[in-house]
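S.K.: Chain by chain, the residues run as shown.
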Amino acid sequence: MFNKKLGLIFLIVAFLALVGCASGSSGENSSSDGDKELSLWAREASADLMGDAVEAFNSKDNGIKINVKSIPADNFSDQLATAYASESAPDIVAIDLILAPYYSSIGAFKDLSERYESLSFKDELNQSMLNLGEREGKQYALPYSSDVSALIYNKDHFEDAGLDPDSPPETWQELRDYANQLTTDDRFGYVYSGGSAGGLMFTFMPYVWGNGGAVLSDDGTAAEINSPEAIEALQFFTDLTQTDKVTPEGVTTYVNEAEDAFTSGKVSMIVSGNYVVGKLNEDYPDLDYGVALIPRNEGKEHSSFSGGELIAISKSTEYVDEAWEFIEYALTEDVQVEAFASNGIIPVRNDFVENKYFKEEPKYQVFAEAANYANAPYTTKYNELYNPILSGLQKAFSGELSPEDAVVEISDGINDVLNK
Amino acid sequence: MSSLVEAFKNHKSFYIINIIISLLFLLPIIWTLSTSLKITSDITSYPPKWIPPTFSLDHYKTIWTFENGIFSLYFLNSVILTTFTVISVVFISSLAGYGFSKLKLPFKTLFFIMILAALMIPFQSLLIPLYSIMKDIGLLNTRLALIIIYTTFQLPFGVFMMKNAFDAIPTSLREAALIDGSSEYKTFLRVMVPLVWPAMATVAIFSAYTTWNDFLVALVFGVNDNVKTLNIGLTNMAIGQYGTDWGLLTSGSMISILPIIILFIFLQKYFINGITSGSVK
Amino acid sequence: MKTAINQKLLIIRGQKKRNKVKLGSFLFILPAVALNLIFFIYPFLQTLRMSFYEWPLMGEKTYLGLSNFTQIFLDGQFWTSFWFTAKYTLMVTPLIFIIAFSLALLINKRLPGVAFFRAVYFAPVVISMVSSALVWLWIYNDLYGVLNYYLLNLGIVNDPILWMGHASTSLPAISFMITWKMAGFTMIILLAGLQSIPTETYEAASIDGASTLKKILYITIPMLKPSIGLALIVSVIGSVLGFEQFLIMTGGGPSNTTTTIVHYIYNQSFKYFHFGYGSAMTVILLIVLVVLSYIQLRVLRNPADQ
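Chains as they are written, first to last, in UniProt numbering: chain A, 1 to 420; chain B, 1 to 281; chain C, 1 to 306.
It should be emphasised that the hints constitute simulated quantities derived from the structure, not laboratory data.
Take these hints with a grain of salt, some might be off.
Claimed, not checked - Listed below are several chain B residues computed to face chain C (Cβ distance under 8 Å; list not exhaustive):
| hint | residue |
| --- | --- |
| 1 | Leu4 |
| 2 | His11 |
| 3 | Ser13 |
| 4 | Thr54 |
| 5 | Ala118 |
| 6 | Gln124 |
| 7 | Ala204 |
| 8 | Ile205 |
| 9 | Gln241 |
Note that this is a predicted model, so its numbers are computed, not measured.
Where is the CB? At the ideal position from N, CA and C, for every residue including glycine.
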């Protein structure tokens, strides 16, 4: 009898040990002072920036407490998808804008049309971002934070190469000429990020858009990349890589690798986002650099990628009014200027784009200008579409396929996905 | 020290070979350490420098002082999670390893394969169903949920390892003990367990570093700061959508490998103090 | 004489006992089996169910029967990933094993300072995969990486090698990094196994004048079979499920040539939101791995069980 008892005791001890440490759990939806608790999920960059603003909001006497969960960008989709599939979504989501059409299309978000119409500043909101939050005439998500891309160049390198550090390349031809002049034995004139879909969005697609081309039709239902404009942009890049060899042959460079290459002085020009300004100013005080709009083709427009986040309310939440109160707050000066613009994030309200922080740092003004040209594709299948796009573009950059053949392959790949 | 010199003289080739291989293994770690001690503007400088031009503990300080030292809370969380997971994995694996090795049970092979199969599945594929279960039983955001998941998915290795270890002990030993009137549990605890220390130490080490380094489970199943782990805190801070902060990444790595290396050095003596040290006579 | 009879008697009794399954015996495996059933088998059954459906993130699920499975066999990317994963496994498993086995033999000694060497060989295991992969990506970088710097300066190459630029170089480069990272783990499995070989066996062999190589071939390896089996099974499974290192270092590229099978499952499930399709691939992968592991177990089973 004794032996069984001993065994049982062991099991019980083990179990208690397990249960005992469960005390680290937390209650949900009601804090000690009776506030309604709402969860907000955001990518770590914006979540970290708005810490103080959220605290200020929580300390207001409105009976609402916002709990921010900061999620690494690479894991955001895993986490959010898991939560929605298990019907335990956060009340508010600040979502990578490119994914917003998908989540709107599956009915994850609350229709905010009426509330949006009632906003006093509704006409000031960034229009291209609003488009991504709209579906079938209804507004599901509102602009929240904005990133755009522009050309960053090393002024010292310009001087070394006998170029004027205050006149960055304006056109494709100038970019190509300058890149050739800047390239030396241990330096490349220009580096783009061909390693990931996000990288290409930021660093290559603006050349297609600016040239009048497109990846998808406006409603996202058909491929439009098989166009002379897109082929010309692709040809321009393959010339830089294969003919002039002013950019490394590695088509797998990531965005952060391009930035590291820039700070290590191995590269003179890259395309990057507004966030690098703060980073470079703080960590590389000796680096003399300039910012310019992404060069345009002769006779064509500048362009830029419009990144950032939209903010939306989950359909499953019990606290729509409270969540909306927070969203309204998130669009005020406290958040858009004091929390975001002070850190180089472009405000999503046009009336805030001119603010004291941007006046202090002219480089931000270039990005703010780029925001006017910024573009992003509308599709509910962004990641899936990006597979054939990334794959085909990499084949063209590396010289495996001609630009003409590559766009045909991409086009077919896109249509396969869209018709599935 | 003199014994080391003595040993070196007598086993020159042993030490020389080990020193050379150690250097090869250490190079990337030395690079990591050196990076963690550089000021940010020196980190990506080219040509690469192994010795920091300006020594700085800034990155360590940044981690330590972040949000009034919230990393000590994360650290504590990691310690708690790891401790409980290691205990439950070693305990449950030893019991089950013994059961699978020495006891007669129906469907033994089936159960064994079922347990092993938990190792053979990409964890992401179970994420949604597991999340639903945890939600249904009200364990989301608890340490218990994390410990249960860690334990379940570390058991395949633990049970396999322990079964092997018990397999290596002659069956006659168990029978002799039973004949002496010892119960199954006493036999297990007093006769068998002391013979499998090396395997238990291995399982403990495996469980410790797996739990300590876990990212996905802790991220998805723990939402609030009070269950956040060191690895999540560090990764969140060092790797962002806006590039990698090498200073924080490398100093974070150095901080987070230390506890496990210390545990390893403490446990490694058990790798050698097994059967050979003379329990079986 | 008396004890001998007693023993015999008791052995007979013991055998009788052996034929009867005791309830108490179940308690030994109960915690493991219970956890496994609730937190692995049960969620897995749901994954299995999902594999028969078109399963979007939210909303209507459509029953498809076996068509997810038939589609997989026609999916070019599935096969590309399958063969790439197989290639990676075949490259990295022997590499890890040979190095780990040599290290285990090398440090299976009681000499001062050996603890330090053991800790050094094990240290890479402790660094998280994300950090290791990122640091190695930096080391391998073509523009500012350490490795290319030395290759160029020593005149071994004239142009930097684009390690991640093509599958033919990224595969060995990543295999090398994984070997560095994982050899220490296999090493401690083998080291623990080495402890169960009685020293007397070696002593006897030494008296018979056997060489070191012979001792390894005829004593160590046969007696280490269970540990070798465990080490190989764990390492094969780990390689087949390999994902994070490729996700971080190549992103599966260029042009999807380095997308491993789990990376593809991950993309289908969490990037493209085809959870049904991803689940179907998971089921196939699980079956392949169970069969592979079973074969390995049979080949390397403990001599005592035969």
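S.K.: Is the interface hint for B:His11 satisfied, with its Cβ closer than 8 Å to some Cβ of chain C?
M.R.: holds, 6 Å
S.K.: Taking the closest Cβ pair, is B:Gln124 under 8 Å from chain C?
M.R.: Hint on B:Gln124: holds, closest Cβ of chain C at ~5 Å, below 8 Å.
S.K.: With 8 Å as the cut and Cβ atoms as the points, is B:Ser13 at the interface with chain C?
M.R.: violated, 10 Å
S.K.: Does B:Ala118 hold up as a contact with chain C if the rule is Cβ-Cβ below 8 Å?
M.R.: holds, 4 Å
S.K.: Under 8 Å is the threshold here; is the Cβ of B:Thr54 close enough to any Cβ of chain C for the hint to stand?
M.R.: violated, 19 Å
S.K.: Grab the minimum C-beta distance from B:Ile205 to chain C and call the hint holds if it beats 8 Å, violated otherwise.
M.R.: At about 7 Å, which falls below the 8 Å cut-off, the nearest Cβ of chain C leaves the hint on B:Ile205 intact, so it holds.
S.K.: Min Cβ distance, B:Ala204 to chain C: is it shorter than 8 Å?
M.R.: At 11 Å from the nearest chain C Cβ, B:Ala204 fails the 8 Å test, so the hint is violated.
S.K.: Taking 8 Å as the limit, does the beta-carbon of B:Leu4 come near enough to a beta-carbon in chain C?
M.R.: Holds: closest Cβ of chain C sits about 5 Å from B:Leu4, inside 8 Å.
S.K.: Hey, does the B:Gln241 contact hint survive, CB to chain C under 8 Å?
M.R.: violated, 14 Å
Hints 3, 4, 7, 9 from the earlier list are contradicted by this structure; the remaining hints agree with it.
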